[in-house]
Amino acid sequence: MHNRTKRLGGVPLLICAVSFCVEGCTSATGGNYPEPIPGSITYGGQPRTKLTKSPIGSWFHHRFTDQYGRTVEETYFIQPDRSLLLTSRIVVEDIFDD
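No gaps in the numbering here: position 79 of the sequence shown is 79 in our numbering, and each next residue is one more.
Since the hints were derived computationally from the structure, they do not count as laboratory data.
Note that the Cβ used here is the ideal one computed from N, Cα and C, for glycine as well.
Incorrect hints may appear among the rest.
[Claimed, not checked] If you anchor each label on the Cβ, the simulated ranges turn out as follows:
id: 1; residue 1: P55; residue 2: I95; range: 26 to 36 angstroms
id: 2; residue 1: I56; residue 2: E35; range: 20 to 30 angstroms
id: 3; residue 1: H62; residue 2: I95; range: 19 to 29 angstroms
id: 4; residue 1: Q67; residue 2: S88; range: 10 to 20 angstroms
id: 5; residue 1: F96; residue 2: P55; range: 30 to 40 angstroms
id: 6; residue 1: P47; residue 2: R70; range: 19 to 29 angstroms
id: 7; residue 1: I95; residue 2: K50; range: 30 to 40 angstroms
When you get a sec, could you build the whole thing from the sequences and use the hints?
Shown next, in the form of structure tokens:
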């Protein structure tokens, strides 16, 4: 019995760690997600039309010019309720710009 208890000792810790990771991934408002900016699809709220043909769980990119004239690329995730979650944003560097 002592060996079995010792062998299972790390399981609760593993379950706790996995739960924490899943909670962070599924949180709609939590996490380190960027706030929408002018030009973002979700700036001012969710779009009126839903992406009905796109599979839930899929992601896509949106490229636009921000208010400072920079090219920005954002990545969106389609959530189970078909709302969009802005997951990342990068500023695309122009290698030909001085």
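Report task. Taking the numbered hints from earlier one at a time, note which ones the structure violates and give those numbers from smallest to largest. Result -> When the structure is compared with the hints, none of them turns out to be violated.
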